[in-house]
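Student: Read off the chains here:
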Amino acid sequence: MKTVIKGAGYILAHTPDMVLHNGTTQTTERIVNPDSEYLKQLPNHLRDWNTVLAYWPNQVYIGNKTPDELAAIPQPWFEQTCDVNARYGKYGQMMPQEEFLLLMQAVDVFDLVKLEKSFVAEHKAAFAANEMIDETIVARVKDGIEGEEIARLVNEEHSEPLYHHNVLVGCVNRAHDIDVNLSSHVMHENMVSKASSVLALLSALKNAGVAKEDVEYVVDCCEEACGDMNQRGGGNFAKATAEIAGLVNATGSDVRGFCAGPAHALIDAASLVAAGTFKCVVVTAGGCTAKLGMNGKDHVKKGMPIPEDMIGGFAVVLTADDGVSPEVNLQIVGRHTVGTGSAPQAVIQSLVTEALDRNGLKITDIDKFAPEMQNPDCTKPAGAGDVPLANYKMIAALAVKRGEIGRADIASFAEKYGLPGWAPTQGHIPSGVPSIGYFVDEIKAGRLNKCMIIGKGSLFLGRMTNLFDGASFVIQPNSGPEAPAGVSEDEVKKMIAKAMREFAASLLAAEE
Amino acid sequence: MDLENQKRVLALTEEHGAENIVVLLGASEGEASGLAAETVTNGDPTFAGPLTGVQLGLSVFHVCEEEIKSEVDPAVYDEQCGMMEMVMDIDDIAGEMSSIRADFCKYL
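Chains Z and C are the protein sequences, given in the same order. Position 177 of the first sequence, counted from 1, bears residue number 177 in my numbering, the numbering being contiguous throughout. Position 43 of the second sequence, counted from 1, bears residue number 43 in my numbering, the numbering being contiguous throughout.
Treat the hints as calculated values from the structure; they're not laboratory data. Computed from a prediction, not measured in an experiment: that's the story for all the values here. Errors might be hidden in some of the hints.
Stated by the list, open to error - As a list, the in silico DSS-like pairs of lysine-lysine whose alpha-carbon atoms are at most 30 Å apart:
hint: 1; chain 1: Z; residue 1: K401; chain 2: C; residue 2: K69
hint: 2; chain 1: C; residue 1: K7; chain 2: Z; residue 2: K40
hint: 3; chain 1: Z; residue 1: K401; chain 2: Z; residue 2: K90
Claimed, not checked - Now the stretches of chain C that chain Z is said to cover, found in silico as 3 or more residues with beta-carbon under 8 Å:
hint: 4; region: 77–83
hint: 5; region: 91–100
Said to hold, decoys possible - With beta-carbon atoms standing in for the labels, derived distance ranges:
hint: 6; chain 1: C; residue 1: D73; chain 2: Z; residue 2: A499; range: 52 to 60 Å
hint: 7; chain 1: C; residue 1: G95; chain 2: Z; residue 2: S412; range: 25 to 33 Å
hint: 8; chain 1: Z; residue 1: E131; chain 2: C; residue 2: R8; range: 48 to 56 Å
hint: 9; chain 1: C; residue 1: Q55; chain 2: Z; residue 2: S458; range: 53 to 61 Å
hint: 10; chain 1: Z; residue 1: G209; chain 2: C; residue 2: D92; range: 46 to 54 Å
hint: 11; chain 1: C; residue 1: D92; chain 2: Z; residue 2: E149; range: 56 to 64 Å
hint: 12; chain 1: Z; residue 1: K494; chain 2: C; residue 2: D73; range: 54 to 62 Å
hint: 13; chain 1: C; residue 1: E85; chain 2: Z; residue 2: K494; range: 25 to 33 Å
hint: 14; chain 1: C; residue 1: G95; chain 2: Z; residue 2: N33; range: 29 to 37 Å
hint: 15; chain 1: Z; residue 1: D228; chain 2: C; residue 2: T52; range: 51 to 59 Å
hint: 16; chain 1: C; residue 1: D92; chain 2: Z; residue 2: R447; range: 47 to 55 Å
hint: 17; chain 1: Z; residue 1: G209; chain 2: C; residue 2: E66; range: 57 to 65 Å
hint: 18; chain 1: C; residue 1: Q55; chain 2: Z; residue 2: S412; range: 43 to 51 Å
From the three backbone atoms N, C-alpha and C, an ideal C-beta is built for every residue, glycine too.
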């Protein structure tokens with residue numbers, strides 16, 4: 001059975017106050033060097049809502065602009081103003097911080113997220129007006145509590161503060177007095193992930209035209225862990241997210257693999273559908289507060305705005321064949337194995353060419369590759385270069401070594417077979433998957449044929465292994481109705497007759 | 001450089017002696033290579049890790065520099081690094097590395 005991609009959802013939440021209070025670059029700096037010039041300067045480099053709306057990479061992420069249009073815009077993109085500044089796009093939306101804080105409370109089922117009364121009153125109408133938020137979610141927002149009580153919770157009960165424009169407007173309480181895995185810090189991080197995942201999931205379902213009750217299984221592939229001191233990563237973000245989204249007929253589970261998580265999750269989900277286990281599976285992931293302002297020191301040093309101020313989320317809806325939607329080719333699946341090693345050459349071979357070789361394909365048989373799609377505005381000033389471009393150069397160099405392109409073609413390879421990076425540097429979020437919405441549209445329009453999604457993960461960061469990891473798969477046009485399984489009686493008769501003729505011929509040959 | 005890696009470099013140096021340590025880098029471009037090289041010679045320029053203000057002066061090379069390449073079996077080097085040689089700006093990396101070594105390295 002074939003698996004098709006029915007649609008995808010992409011969302012961003014603008015969270016400038018969380019850059020200051022929850023990004024690990026900033027929280028680490030506050031411990032190591034509390035009076036640093038960086039911490040003093042940082043607030044002056046935060047972007048306002050209108051600026052993030054008119055930011056080119058954000059408009060590509062939510063689908064109002066295409067990667068091709070972005071490629072024609074001179075870098076750095078923070079110096080350009082996009083001619084579209086809509087908050088809603090074809091794939092999803094950008095959510096302002098005040099609505100996102102209300103969403104965090106709406107997804108909380110343990111009464112841990114507290115918001116201040118007047119803050120709720122001021123922003124509830126806008127939250128309710130959000131295209132993706134229905135009355136069941138609005139009804140989950142509480143009226144709020146007094147500001148003094150929030151201050152007391154933060155000062156006396158170790159609650160994680162929630163700020164809006166530098167004003168304390170709420171907090172996330174700890175869920176246990178001693179258990180570090182239920183601390184207010186962890187609960188805050190997980191609640192942000194859950195909220196952004198819910199928004200992405202709802203957007204994807206709307207875009208796919210799939211009813212909530214038709215979803216049978218959800219796979220979450222973010223990089224957070226939820227659990228308590230007895231089962232630190234017990235899970236399950238997927239089911240928790242499905243509950244809030246109203247997917248009453250779904251269960252689910254979490255798949256992890258650092259930044260490669262989404263590629264693994266999509267291969268798992270596509271296989272579940274292909275095997276006939278479930279007819280409709282959604283892969284979803286929310287974003288990560290820890291990575292907000294991750295390269296902020298370099299951005300501030302270079303006098304530029306902080307581009308890492310967006311929480312990202314994505315979701316992809318996979319179903320059994322509908323005869324129209326692009327399909328996931330489960331024959332062309334790449335994987336970095338235990339024996340692959342960590343040399344870049346071996347990594348690219350395992351993820352790209354090994355799977356192609358098995359299917360008699362060349363690198364140039366793939367129309368577009370989507371590896372790590374990090375926005376170069378975030379990475380270049382931090383000395384990490386243009387990450388997608390570096391990936392394209394590696395694939396091109398491998399193609400040269402295999403004699404599939406000439407050495408002179410390396411320079412133009414990225415333009416022909418690649419896309420610019422537009423995703424926020426939220427680990428698993430840029431990992432190939434931001435391109436799926438675009439690929440689905442382009443394949444349906446007949447402009448692209450085979451597209452490869454490549455996820456890569458730095459497993460060594462978890463200190464359980466020194467290994468790297470990665471997985472890849474190919475999306476291609478729907479190949480039409482599948483041939484019926486099995487063979488007819490006529491065909492069986494023909495096959496037996498043919499076999500008997502061949503047997504007789506071989507006997508005659510032996511006699512001669 | 002990652003704070004944990006700084007800690008490991010410091011611990012290995014204390015265990016074996018700075019004169020016996022060679023740090024081999026594999027970063028993909030000059031600026032990142034230079035920052036890592038500076039960290040293990042003159043101290044962490046970001047003032048964040050355990051090597052802040054610690055001038056180890058270690059010998060440090062990038063794997064694509066001629067000094068290292070000439071030490072490796074050419075067939076193995078081509079298999080492991082041949083592709084990246086086409087991708088990286090080796091002159092830029094080698095320039096960054098030799099200037100850091102000239103300024104801060106104590107053991108060459």
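Student: Give a verdict on every hint.
Tutor: Going down the list of hints, with the structure as the test:
no.	hint	verdict
1	Z/K401 with C/K69	holds (19 Å)
2	C/K7 with Z/K40	holds (28 Å)
3	Z/K401 with Z/K90	violated (40 Å)
4	77–83	holds (count 5)
5	91–100	violated (count 0)
6	C/D73 with Z/A499: 52 to 60 Å	holds (54 Å)
7	C/G95 with Z/S412: 25 to 33 Å	holds (27 Å)
8	Z/E131 with C/R8: 48 to 56 Å	holds (50 Å)
9	C/Q55 with Z/S458: 53 to 61 Å	violated (29 Å)
10	Z/G209 with C/D92: 46 to 54 Å	holds (50 Å)
11	C/D92 with Z/E149: 56 to 64 Å	holds (57 Å)
12	Z/K494 with C/D73: 54 to 62 Å	holds (58 Å)
13	C/E85 with Z/K494: 25 to 33 Å	violated (57 Å)
14	C/G95 with Z/N33: 29 to 37 Å	holds (31 Å)
15	Z/D228 with C/T52: 51 to 59 Å	violated (36 Å)
16	C/D92 with Z/R447: 47 to 55 Å	violated (37 Å)
17	Z/G209 with C/E66: 57 to 65 Å	holds (59 Å)
18	C/Q55 with Z/S412: 43 to 51 Å	holds (45 Å)
When the structure is compared with the earlier hints, violations turn up for hints 3, 5, 9, 13, 15, 16 and for no others.
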